[in-house]
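Chains as they are written, first to last, in the working numbering: chain A, 1 to 461; chain B, 1 to 461.
Among the hints, a few may not be true.
Since the list can't tell identical chains apart, any single copy or any two copies may satisfy a pair.
[Stated by the list, open to error] Here are the simulated lysine-lysine pairs, DSBU-like style, with alpha carbons at most 35 angstroms apart:
hint: 1; residue 1: Lys36; residue 2: Lys70
hint: 2; residue 1: Lys8; residue 2: Lys286
hint: 3; residue 1: Lys46; residue 2: Lys224
hint: 4; residue 1: Lys323; residue 2: Lys199
hint: 5; residue 1: Lys199; residue 2: Lys286
hint: 6; residue 1: Lys226; residue 2: Lys255
hint: 7; residue 1: Lys258; residue 2: Lys391
hint: 8; residue 1: Lys323; residue 2: Lys220
hint: 9; residue 1: Lys113; residue 2: Lys356
hint: 10; residue 1: Lys36; residue 2: Lys289
hint: 11; residue 1: Lys113; residue 2: Lys244
hint: 12; residue 1: Lys22; residue 2: Lys82
hint: 13; residue 1: Lys70; residue 2: Lys286
hint: 14; residue 1: Lys82; residue 2: Lys319
No lab work stands behind these hints: they were computed from the structure.
Predicted model only: the values in this text are computed from it and were never measured.
Number of protein chains: 2
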Amino acid sequence: MVIVGVSKGRGWGGSHYLETFKEYEYSGPVYPVNPKYEGEEIQGFKVYGSISSLPDNPPIDLGIVAVPAKVTPQVIEELGQKGVFFAHIFSSGYSELGEEGKLLEQQLLEKAKENYIRILGPNCMGIYNPKGRIGFTHRLPIVSGPVAFVSQSGGNAHRHAFAGIIYGYNFSKIVSLGNQIDLDLLDFLNYFRSDPDTKVITMYVENLKKGGNEFVQILKETTKEKPVIIWKGGKLEAGHNAVKSHTGGLAGNIKLWKSMARQTGVILVNNFKELTEMIQTTLILKIPKTLGTAIITGGGGPAVELTDECEAYGLKVPKITEKAQKKIMEFIPQVNSNLSNPLEFGANGGHVNMIKVMKILDEEPHLSSIMITNNPEWYASAKLDMEVVVKSIANTISQDSDKNIISIYNSSRARKETIDMINEFYAKTRENGIMVYDSPGAAAKCIYRLWNYGNYLRARN
Amino acid sequence: MVIVGVSKGRGWGGSHYLETFKEYEYSGPVYPVNPKYEGEEIQGFKVYGSISSLPDNPPIDLGIVAVPAKVTPQVIEELGQKGVFFAHIFSSGYSELGEEGKLLEQQLLEKAKENYIRILGPNCMGIYNPKGRIGFTHRLPIVSGPVAFVSQSGGNAHRHAFAGIIYGYNFSKIVSLGNQIDLDLLDFLNYFRSDPDTKVITMYVENLKKGGNEFVQILKETTKEKPVIIWKGGKLEAGHNAVKSHTGGLAGNIKLWKSMARQTGVILVNNFKELTEMIQTTLILKIPKTLGTAIITGGGGPAVELTDECEAYGLKVPKITEKAQKKIMEFIPQVNSNLSNPLEFGANGGHVNMIKVMKILDEEPHLSSIMITNNPEWYASAKLDMEVVVKSIANTISQDSDKNIISIYNSSRARKETIDMINEFYAKTRENGIMVYDSPGAAAKCIYRLWNYGNYLRARN
Numbered sequence: 001m002v003i004v005g006v007s008k009g010r011g012w013g014g015s016h017y018l019e020t021f022k023e024y025e026y027s028g029p030v031y032p033v034n035p036k037y038e039g040e041e042i043q044g045f046k047v048y049g050s051i052s053s054l055p056d057n058p059p060i061d062l063g064i065v066a067v068p069a070k071v072t073p074q075v076i077e078e079l080g081q082k083g084v085f086f087a088h089i090f091s092s093g094y095s096e097l098g099e100e101g102k103l104l105e106q107q108l109l110e111k112a113k114e115n116y117i118r119i120l121g122p123n124c125m126g127i128y129n130p131k132g133r134i135g136f137t138h139r140l141p142i143v144s145g146p147v148a149f150v151s152q153s154g155g156n157a158h159r160h161a162f163a164g165i166i167y168g169y170n171f172s173k174i175v176s177l178g179n180q181i182d183l184d185l186l187d188f189l190n191y192f193r194s195d196p197d198t199k200v201i202t203m204y205v206e207n208l209k210k211g212g213n214e215f216v217q218i219l220k221e222t223t224k225e226k227p228v229i230i231w232k233g234g235k236l237e238a239g240h241n242a243v244k245s246h247t248g249g250l251a252g253n254i255k256l257w258k259s260m261a262r263q264t265g266v267i268l269v270n271n272f273k274e275l276t277e278m279i280q281t282t283l284i285l286k287i288p289k290t291l292g293t294a295i296i297t298g299g300g301g302p303a304v305e306l307t308d309e310c311e312a313y314g315l316k317v318p319k320i321t322e323k324a325q326k327k328i329m330e331f332i333p334q335v336n337s338n339l340s341n342p343l344e345f346g347a348n349g350g351h352v353n354m355i356k357v358m359k360i361l362d363e364e365p366h367l368s369s370i371m372i373t374n375n376p377e378w379y380a381s382a383k384l385d386m387e388v389v390v391k392s393i394a395n396t397i398s399q400d401s402d403k404n405i406i407s408i409y410n411s412s413r414a415r416k417e418t419i420d421m422i423n424e425f426y427a428k429t430r431e432n433g434i435m436v437y438d439s440p441g442a443a444a445k446c447i448y449r450l451w452n453y454g455n456y457l458r459a460r461n
Numbered sequence: 001m002v003i004v005g006v007s008k009g010r011g012w013g014g015s016h017y018l019e020t021f022k023e024y025e026y027s028g029p030v031y032p033v034n035p036k037y038e039g040e041e042i043q044g045f046k047v048y049g050s051i052s053s054l055p056d057n058p059p060i061d062l063g064i065v066a067v068p069a070k071v072t073p074q075v076i077e078e079l080g081q082k083g084v085f086f087a088h089i090f091s092s093g094y095s096e097l098g099e100e101g102k103l104l105e106q107q108l109l110e111k112a113k114e115n116y117i118r119i120l121g122p123n124c125m126g127i128y129n130p131k132g133r134i135g136f137t138h139r140l141p142i143v144s145g146p147v148a149f150v151s152q153s154g155g156n157a158h159r160h161a162f163a164g165i166i167y168g169y170n171f172s173k174i175v176s177l178g179n180q181i182d183l184d185l186l187d188f189l190n191y192f193r194s195d196p197d198t199k200v201i202t203m204y205v206e207n208l209k210k211g212g213n214e215f216v217q218i219l220k221e222t223t224k225e226k227p228v229i230i231w232k233g234g235k236l237e238a239g240h241n242a243v244k245s246h247t248g249g250l251a252g253n254i255k256l257w258k259s260m261a262r263q264t265g266v267i268l269v270n271n272f273k274e275l276t277e278m279i280q281t282t283l284i285l286k287i288p289k290t291l292g293t294a295i296i297t298g299g300g301g302p303a304v305e306l307t308d309e310c311e312a313y314g315l316k317v318p319k320i321t322e323k324a325q326k327k328i329m330e331f332i333p334q335v336n337s338n339l340s341n342p343l344e345f346g347a348n349g350g351h352v353n354m355i356k357v358m359k360i361l362d363e364e365p366h367l368s369s370i371m372i373t374n375n376p377e378w379y380a381s382a383k384l385d386m387e388v389v390v391k392s393i394a395n396t397i398s399q400d401s402d403k404n405i406i407s408i409y410n411s412s413r414a415r416k417e418t419i420d421m422i423n424e425f426y427a428k429t430r431e432n433g434i435m436v437y438d439s440p441g442a443a444a445k446c447i448y449r450l451w452n453y454g455n456y457l458r459a460r461n
């Protein structure tokens, strides 16, 4: 590991990366380079005056370049000559600034090719790899997980890195792509396709620099093995302009992306929230065989809302079978109840009855999702053990059930006293295979998309 | 005030209402009636054996009836003969159960007409009127506010009553309609239209029992004076079935409701969350004259997302004028910045620069909304005073500005330590006329709808 361009102050740039290697206790040697501070120590690391003077053993596996843009071609040449195969160029000031910057990128790429070194960036935050103890900023979780994220925005890479833990997932790697003069979206897609640590590949993409057909081919091969979720940024007119200003590229037409998704089984999402929800969905839920959804809730008004929102995003809320209705009637009176679907039992809608009904629904052939509403704050005020309550819900479906349990819960979280308990509810539901959404609309979108992915896979086979 | 049908135990029904009159310190006399407990005391109130034996002075203004459905026609007759003009029938077991119940409703209505008494319900939770110290359940805020809510679902009435305070608004009155055999949606619309305490009228409606044309006429008159927000429940197929089971009515076609909204200026929303956001919007924001929105945020990726979401819901993100761009260039370098719209300043995007840019945008004629992103957790960690920070943002637009400041902020609220500070941020922004949304999509929907309402008003004049 070599970091070219460090200074003594704290802050952004090379010194920032140096701090992170220290923070994450990176196991290999770390060599800061700056002729100005040759022989001195920065943050406990000995500073080298040049790349050529660095030790040869062990070989250096990554160079992080944070020097003024104009100097970078020279630095890349030196790194290549030292035998470094891979460099992340943090520096900005290239094609995002216009013609002069484009020329500089060409020079950089030529030097890289001549010296057999691959480049990530320039103008990017680089890599977060918790297993390898590499992170692009402070205080990231050093826990590895099943999600890979490739981002054409450093801001979104940063935001996602911190959001994962809130939503209950961790990352195998996050890559901030930058200007993609060498390594690009396709390279990382290929890499994550065969990365055993990655179970779901996710991307923030504004535009495809090259290789549309190749991208489609790789996607087709990849979605057979693991889900690929793409958040496409820059959809309409002003969004296109924003992309142009951001990465200097032309945002692809969203219609083309939709058509590409149909061909490849890619799951498209529209924004950051949908991305996080879709990731959780692929990690927690089984691929639903049907759109059929049973809704159990308290009160006629909420039952109508849940039904409306499910239908608005493509789910079906079909009547349950007469057989199931008869079984339910054995313990719930018809008066003030709705026993067809949405199911709603008025004063008979307590937890015990809900559990009994869910067990009956597990046998319904035309349903794939059982949607309930939960309020952990009630459980807490009733002094119920969260683990026991959640397990009682999770166990309503058999081990080999093809159904998912979906819970709708949204707290304002306005009172401090409830936060621990709410966090426990989320943790326990995830552990037990129950996916909690903050609204029925969010749930319906995700379940529909997962069903659609399943549909694609079934049609391919 | 008379409550017919009380028992000694705590719980639902008449005793429940008795408890609430005590809890809210209702100022008038309260007379529980039950021949079984004649002369005894329940919760400190003397129980009467019959309606006819109640004191004549002061006159009784409201009867709450919570006896078995079959007895209610007789009770209504007795209340009418005692000179009571208004009764809320809590009891259920009427048309929602079928033919027999429908007959009972007819009897009830005949008795009411014969005895000059108006009925709310049956089968409803009744009224929440904080000014009058009346509430349909425990622990409601006894603070009066500008929002009226008429609900065809007791569950949604209950939920909204508690949600208001979380979202920073209070209610003039909430009415749970029930089966509407006498007083209906139209009556309450008319009432709230001329209620000086009500600034915005909101409704949860599943179906219109009668008077479609009359409804349209009253709405047209009402929207001239105050906004009317309607959440229509039961939109598609299964939603219609859910409505049928809930209130026994046929859900009107959503297309008809949309056309009605176009004719009347009613603001339609799709779900509970949209309802609460739209209410806040009408209370906090000025009606925007244009769809033009300026976006200021940190980072290119977030700028693209905000732009995409604004455009997805109908807002425009036009370039700012060259004049304004030149003013901004005086203190923000063009390098690594986007100075057209969305505005994004890379490393130059601190609070002070944001404030300066907002002041320049206040002069832009083609913009009505200035959308920023805030993170109160940063303010707190930087030890900034929340009041000072929020005021510095609010004061960027002049007193007579026609623009709104919109803030996008969404916290996971996963850490207890941050809750007080986040709550303070919401309180201060509301006080200072800044509306905070949890996503740009939520913001865009609300601003578009408010603009559309303004458009309707302008076209009428």
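Hint by hint, here is what the structure shows:
In the homo-oligomer, the alpha carbons of lysine 36 and lysine 70 lie at most 35 angstroms apart inside one protomer (18 angstroms), although the nearest pairing across protomers, at 95 angstroms, exceeds that limit. For a Cα distance limit of 35 angstroms, the shortest separation of lysine 8 from lysine 286 qualifies neither inside one copy, at 51 angstroms, nor across copies, at 51 angstroms. Taking the shortest alpha-carbon separations for lysine 46 and lysine 224, neither the intra-copy value of 48 angstroms nor the inter-copy value of 74 angstroms comes in at or below 35 angstroms. Proximity of lysine 323 and lysine 199 under a CA criterion of 35 angstroms is satisfied in neither setting, with 39 angstroms inside one chain copy and 51 angstroms between copies.
Taking the shortest alpha-carbon separations for lysine 199 and lysine 286, only the intra-copy value of 14 angstroms comes in at or below 35 angstroms, while the best inter-copy value is 48 angstroms. For a Cα distance limit of 35 angstroms, the shortest separation of lysine 226 from lysine 255 inside one copy, 24 angstroms, qualifies, whereas the shortest one across copies, 41 angstroms, does not. For the identical chains of this complex, lysine 258 and lysine 391 are neighbours neither inside a copy (39 angstroms) nor across copies (44 angstroms), given an alpha-carbon limit of 35 angstroms. In this assembly of identical chains, the alpha carbons of lysine 323 and lysine 220 never lie at most 35 angstroms apart, being 42 angstroms within a copy and 49 angstroms across copies at closest.
Taking the shortest alpha-carbon separations for lysine 113 and lysine 356, neither the intra-copy value of 66 angstroms nor the inter-copy value of 46 angstroms comes in at or below 35 angstroms. Taking the shortest alpha-carbon separations for lysine 36 and lysine 289, neither the intra-copy value of 64 angstroms nor the inter-copy value of 58 angstroms comes in at or below 35 angstroms. Taking the shortest Cα distances, lysine 113 and lysine 244 sit within 35 angstroms of each other inside one copy (27 angstroms), while across copies they are farther apart (70 angstroms). When the C-alpha separation of lysine 22 and lysine 82 is checked against a cutoff of 35 angstroms, the pair qualifies only within one copy, where the shortest distance is 24 angstroms, while the shortest distance between copies is 84 angstroms.
Within a single copy, lysine 70 and lysine 286 get their C-alpha atoms no closer than 51 angstroms, and across copies no closer than 50 angstroms, so neither meets the 35 angstroms cut-off. When the C-alpha separation of lysine 82 and lysine 319 is checked against a cutoff of 35 angstroms, the pair qualifies neither within a copy, at 70 angstroms, nor between copies, at 48 angstroms.
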